[in-house]
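From just these sequences and the hints, can you work out the full model?
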Amino acid sequence: MTILAELQRQAKRENQSYNEDNAPRLWILSPSAGITVLEGFGAKLRSD
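For what it's worth, our numbering labels the leading residue of the sequence shown as 1, then goes sequentially.
Among the clues, some could well be false.
Pairwise CB distance ranges (calculated) [stated by the list, open to error]: (1) F41 x Q8: 16 to 26 Å; (2) T36 x K12: 18 to 28 Å; (3) L45 x N19: 13 to 23 Å; (4) R13 x T36: 31 to 41 Å; (5) G40 x E20: 14 to 24 Å; (6) G34 x K12: 31 to 41 Å; (7) A11 x I35: 12 to 22 Å.
Calculated directly from the structure, the hints in this document are not laboratory data. All C-beta atoms in this analysis are idealised placements derived from N, C-alpha and C, irrespective of residue type, glycine included.
Shown next, in the form of structure tokens:
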């Protein structure tokens with residue numbers, strides 16, 4: 001959350017709109033993470 005807030009402040013200082021699509025993402029690399037764990041992090045399957 002700290003990084004997200006800093007990116008938003010930086011965009012405001014530079015008079016630019018903040019684009020959440022360019023925000024850093026958390027990658028969970030684990031062969032044994034269950035659905036419950038993934039959903040707890042708000043994980044979403046990307047189709048690209």
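Hints and how they fare:
1. F41 x Q8: 16 to 26 Å: 21 Å, holds
2. T36 x K12: 18 to 28 Å: With a Cβ separation near 37 Å, T36 and K12 fall outside 18 to 28 Å, so the hint is violated.
3. L45 x N19: 13 to 23 Å: Distance hint for L45, N19 holds at roughly 22 Å.
4. R13 x T36: 31 to 41 Å: 40 Å, holds
5. G40 x E20: 14 to 24 Å: Roughly 21 Å apart at Cβ, these two residues keep to the hinted range, so it holds.
6. G34 x K12: 31 to 41 Å: 39 Å, holds
7. A11 x I35: 12 to 22 Å: 34 Å, violated
Hint compliance for this structure: hints 2 and 7 are broken, all remaining hints hold.
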